[in-house]
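Visitor: First to last, the protein sequences are chains C and Z. According to numbering that gives the first Met the number 0, the residues represented by the first sequence are 0 to 403, in order. According to numbering that gives the first Met the number 0, the residues represented by the second sequence are 0 to 360, in order.
It is worth saying that the hints were derived from the structure and are not from the lab. It is possible that part of the hints are untrue.
[To be verified] To spell it out: a stretch of chain C is covered by chain Z in this simulated footprint if at least three of its residues, at any positions, have a beta carbon under 8 Å from a beta carbon of chain Z; those stretches are:
hint : stretch
1    : 228 to 240
2    : 280 to 293
3    : 311 to 317
4    : 323 to 332
5    : 346 to 360
Glycine included, each C-beta is placed from N, C-alpha and C at the ideal position.
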Amino acid sequence: MCSVGDENFETEEEKCMPAGGKITLANTKCNKCRENDPIVVLRSKDAYCEACFLAGATHKFKALLGKHKLIRPNDKVLIHHQIGHPSTALLHFLRCGLDLTTHKKLRFDVIFVYVEDNSQFTVDYRKEVLKKIENEIKLFKFVIKFVSFNDYIVNNNKLGDIVDNPDNLTLNEDDKININNIFVSKLNKTNKNDILHIKKRNLLIEIAKNLNCKFILTPEISSDIASQLLGEISLGRGSHVPIDTGFCDDRNQDVKILRPLRLFDMKELAFYNKLNSLDPISIKQTEINPYSSVQDLMKKFVNDLQVNYPATVTTIMKTGDKLAINDNGKQKCQLCMGPILNSNEELSSAESTSFSHWVSTQKPDNSKEKSRQEKYDSILKHYKVSENNNYCYSCKKIEGSIKS
Amino acid sequence: MPLCSANCGSNAILKRPKTGDALCKECFFEAFENEVHFTITKARLFEPGKTVAIAASGGKDSTVLAYVLKLLNEKFKYNLKLVLLSIDEGITGYRDDSLDTVKKNRDDYEMPLKIMSYKDLYGWTMDEIVAEIGRKNNCTFCGVFRRQALDRGANLLKVDYLATGHNADDIAETVLMNILRGDLARLNRCTSIITDSGDGIPRVKPLKYTYEKEIVMYAYFRKLIYFSTECVFAPNAYRGHARVLLKDLEKIDPSVIMNIIQSGESLKVNETANMPTLTKCSRCNYVSSQTVCKACVLLEGLNKGLPRLGIGKSSKVKRILEENEKKNCDSTSCCRTNNCKKDIEGVEKCTDKLSSVNLIK
Ligand SMILES: [Zn+2]
Ligand SMILES: [Zn+2]
Ligand SMILES: [Zn+2]
Ligand SMILES: [Zn+2]
Chain C
0 MCSVGDENFE TEEEKCMPAG GKITLANTKC NKCRENDPIV VLRSKDAYCE
50 ACFLAGATHK FKALLGKHKL IRPNDKVLIH HQIGHPSTAL LHFLRCGLDL
100 TTHKKLRFDV IFVYVEDNSQ FTVDYRKEVL KKIENEIKLF KFVIKFVSFN
150 DYIVNNNKLG DIVDNPDNLT LNEDDKININ NIFVSKLNKT NKNDILHIKK
200 RNLLIEIAKN LNCKFILTPE ISSDIASQLL GEISLGRGSH VPIDTGFCDD
250 RNQDVKILRP LRLFDMKELA FYNKLNSLDP ISIKQTEINP YSSVQDLMKK
300 FVNDLQVNYP ATVTTIMKTG DKLAINDNGK QKCQLCMGPI LNSNEELSSA
350 ESTSFSHWVS TQKPDNSKEK SRQEKYDSIL KHYKVSENNN YCYSCKKIEG
400 SIKS
Chain Z
0 MPLCSANCGS NAILKRPKTG DALCKECFFE AFENEVHFTI TKARLFEPGK
50 TVAIAASGGK DSTVLAYVLK LLNEKFKYNL KLVLLSIDEG ITGYRDDSLD
100 TVKKNRDDYE MPLKIMSYKD LYGWTMDEIV AEIGRKNNCT FCGVFRRQAL
150 DRGANLLKVD YLATGHNADD IAETVLMNIL RGDLARLNRC TSIITDSGDG
200 IPRVKPLKYT YEKEIVMYAY FRKLIYFSTE CVFAPNAYRG HARVLLKDLE
250 KIDPSVIMNI IQSGESLKVN ETANMPTLTK CSRCNYVSSQ TVCKACVLLE
300 GLNKGLPRLG IGKSSKVKRI LEENEKKNCD STSCCRTNNC KKDIEGVEKC
350 TDKLSSVNLI K
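Bound-form chain Z, shown alone (with noise of 0.2 Å):
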């Protein structure tokens, strides 16, 4: 068994993915906080004082985004205030027992939580908006409607950050991503650790620099409690690809994840790409890059009975969508209720299982 690469004289309990040290369970801790507590720190994340919604959807990665940020606000005084934010979507036996767990952390970590509902939001549960649609474009629904409920939740408990629990893997994917689909906009600034939503709260991403699988081994070790299941929305084509590529490039080279974000950073986009100018939404004030927002074209087609309104761009479209979906999209088009299903191609979805980790026998 090999020895801690702190020399702590400690045996090493595992290998870490990110540098291909050997640590035991103590330096791995520290390790892991002191490097938090540095991107936190070297990028100016946050203002003393402030407060900062975590978004907490009971996974792995919030669970010990919580964990991190309550610890480093206390050791080290950020005197900042936290309170965790969680959606709700309104799918029967999904959220159930991961917002459990965010009630949990909520106990644990003495944060207050919010807990905000589609219903609340938007008036619908996604198992309505199932039942009104059916299952092939409900995607639509939820990619739209979640993306906004976390930003207007945050608006709606005034804070001042949203902080998420992106890690390196998610960032990795996204810039492989954004070139398969030629997103020069999105491709230069989705490296970024703080982006503006326009609404004057910053995201911010504390654990951009964290492997996934890194977090996998701390909440184990760390025995946090946390909902163990992969997001049951299915990755659009491109998201899918990008995650097959990176799973396999890790396989070979795990530094490959820190080489891809250290691209983005440091690439330069030629010309000014397009990037839609942000305005308010006319019917709900949010901000949108349309005079309507997508999410209240969405819901006006619910709401009139013409759910499929704003889904496509025509009729041919439409057609065109129908077809691509039956030859290729089969797999991707749909959201799943199901937990640890194949991905696209044969990939386990459920990474955060310990069997892919680096422990050390």
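Bound-form chain C, shown alone (with noise of 0.2 Å):
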């Protein structure tokens, strides 16, 4: 049935999602200090001169670790090291404030690590890119290290070698083909995505605990969190936003996920390395059809929203900061290690979906002197919900197709 109409607007402006401004950089000031000539305009509606943009956007980084103060001074921090805009920003901001002599200075020590995922490209182009890398991370003087993710797939989720030269990792011109004869073969691309998602996240929490690092920072943007976001709820993750999507990631004791750069978007970043004279490095762009996953899907669409709609980025992100961990239930997935929902006795979207499965595979009764509620009864009683509590109602589909 429509549902138009069934929202209770109460203006008419409410209906139209605010578009992107248009303001031209003449003829304005610096919306902070308002006396300097502005040199960029962020969501589309805020001027700020460079001074100004460089002093927001450290305090902005600054403000987020230290609101929710978690990590102790000291404290050991694992950096997930990226190639773009966010993670050369990031190296910035850490270097900036480890080597502040003032109170604000952070006061806790970094390691860098690369979780090597690059084999649809050949081994020499996989060599080039690491080589790259260190000499990045090296110019900002922190130390990095070298995993496969390739390794740990290949030998059933065991972490393998950390090393320090990018030369001693094992890289093979048949990569790919290798993770995908582990279990991607049976799997669509939305479930593939999800599942190397987890793996990874996985990890990078053993990484940490190898490493003895109490913390990760990962480097994804508000972007990344939308559509991140989205992509959660159409798989059903929608209890584990909070963890999935939210500053910290606390489903393992050991090891909290942080997301540092969560509220800057890719422009403000994009242009604090512009300012700094960073210069990211650049790696091969595959092609991606954005309709060939759920995951490609939701980045096409919250970039495009950036484009056009840069408020309702804002407002996604926001209302999944207003939703809490639903964890009723003590026990956690095996596979992604979110906690895992009591069933209770209210019917459940995953309820009806196994009762129409088992309705779709029972052989019809064609006995004429039963009646409709008598075979129906039959049907019934043979029907039991699955009590699969290992995995959570998402890792659970996926755990499905990949026995099937």
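Dock chain one against chain two, each of which comes alone in its own frame, and use the hints as you go.
Guide: Printed below as a string of structure tokens:
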């Protein structure tokens, strides 16, 4: 039934998604100091001069870390390094914060890790990329370790070598085929992305434990968070939204994952890098069909919003921030480690789907003597909700497809 | 040709988007009906002996809802009194055909039919309102009047339940829309199968877990007569985006619809979101969040020759609104009386055509 008009909008303008404004830099002053000429417009509305922009970015980074007061002095923190503007900006934020001599100095120890997962490329190219990463980190005088994602998957989720020199990483031309052979061939691309995402997170936690780090910093920015959130909702992980997209993922007792860049957008960090004369290393982009998986579609959807309706990206994040982890059950999922919900009396979508599958596979009873009620009762009598409590709703579906 | 998943020996004629199973016609009927019965009993939607008004638009959802409720009521002895409730907005050419369809439902299913017209309820037809206000803002009127009309009708009929044809696709779309809007309160309750609009008449959704595509297939194979058009009222921008997104998601993996409902059912809102407390409208006594309900404010404007009253909040807001409309909301801001127009971003609205359905040739 059509639901148009069910929303109870108070006014007509509430129905419109706010479009990005078209501020021009001419004839305006910096939003912050109200003195200098602005050089950048953020979120299509706020204009800043160079000094205020840089101060604002640094403040935003520290404020989010400081607000949660999770990291204590001398804690060891693992930084999940990736390729692109966010990670390069993170390098700079950290270097500056650690080098300060004022009370604002960051007081924890950092160690970087790069998880090699470029099996779509040739070994030569992959080695080239690793060298570039090593050089970028050296520039900031940080220490970086390298780990092969393929090894972890192929060796049945066992953490392999953590190496200092990227030359010591074993790379094979058929890494991609090996990964596919293990479990991925039976899954559609959506579930494959999902399980690889989970495995990568599990691997990072293993690495952190091995290196005695209590925290991991990851470089997701606002559009990553928004598309992740919509993706989680679409995979049935609504109850996990706070740990999957919030500032702190504390599903593991020993290691917490923090997302310090989640309030930044790409333009902001690209500009930050530009003003600091930082040029992130580049890597070949593989063409991705946005309609090939839920995650790819959500990336496209959020990127389009970012261009046309940037305020809506912020709204999606704020929606997520107002959700609480639903952990009425004590048990944790064996795959994603998120809490498994206790099924209560109420009919749920999961149960409806499992009943639908059940009635679709029951041999019809064509006896004339039995009433419809009697036939239904006998179908229901043999119907049992599968009490597999090792996995959450979404992981149960993935496990089901792998086993089938 | 694949065999029916139920092992009946027949060839399958369709693949179920909900589960991926292939079914023959007879097994599909039985599965479809058993599932709605499962939903009704498991969620305890109705008490025996009560009266249920079925919101009937003549469209596929309400036609299938009326047919299935009648069938289940007889086969499973719900002991319910079923009546059809229709709204006539008074849009020339729009309701004429669909109301004929509802009248056909009334005769075929032997259920009493009550048609409430905007003229009866508000003193104005939509045509008259459009003539007064122009096409630009009449969505506000349709939305507010339409919603109240069903509730008022249910009240006048003194029924115990109002059953609507909202299907799984509608619920999933609403979850996505509420995330885009940041409406925590509605996000929290939009997946409820029973909602209370404050007047003691529960609104229930027996087709909550039923895919729109399966509703179309059911109507098609049962040869049910329904008025084949989508709502002519354009969705707001958020719903429009949510709708396009959901259609794209469904093409990638149809089980996403049930996933989104599962997410909606299992998420928990952190802080108590601000839900307006309900009182009664001082004019019409209807349940409202304001002392004078939105419908009465709009009516006041119409009757006093100030039809824009209650649409914008201030002149500034109005100006912004008009600019916005010019810029981005062109296609979503006015009601259209033509059927089957392209929705925003080029998505076909007519999803009830069989071309989009998983028939096995
Ligand atoms: Zn300034
Ligand atoms: Zn899980
Ligand atoms: Zn069959
Ligand atoms: Zn009123």
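Visitor: Determine for every hint whether it applies to the structure shown.
Guide: Going through the hints against the structure:
1. For the stretch 228 to 240 of chain C, the stated coverage by chain Z is satisfied: 11 residues place a CB nearer than 8 Å to a CB of that chain, which reaches the threshold of 3.
2. Check on the stretch 280 to 293 of chain C: 4 of its residues sit with their Cβ under 8 Å from a Cβ of chain Z, so the three-residue criterion for coverage holds.
3. Taking a C-beta to C-beta cut-off of 8 Å, the stretch 311 to 317 of chain C contributes 4 residues in contact with chain Z, enough for the three needed, and the coverage statement holds.
4. Three residues within the 8 Å Cβ limit are the bar, and the stretch 323 to 332 of chain C against chain Z gives 3, so the coverage statement holds.
5. Given a C-beta distance limit of less than 8 Å, the hint that chain Z covers the stretch 346 to 360 of chain C holds, as 13 residues qualify and 3 suffice.
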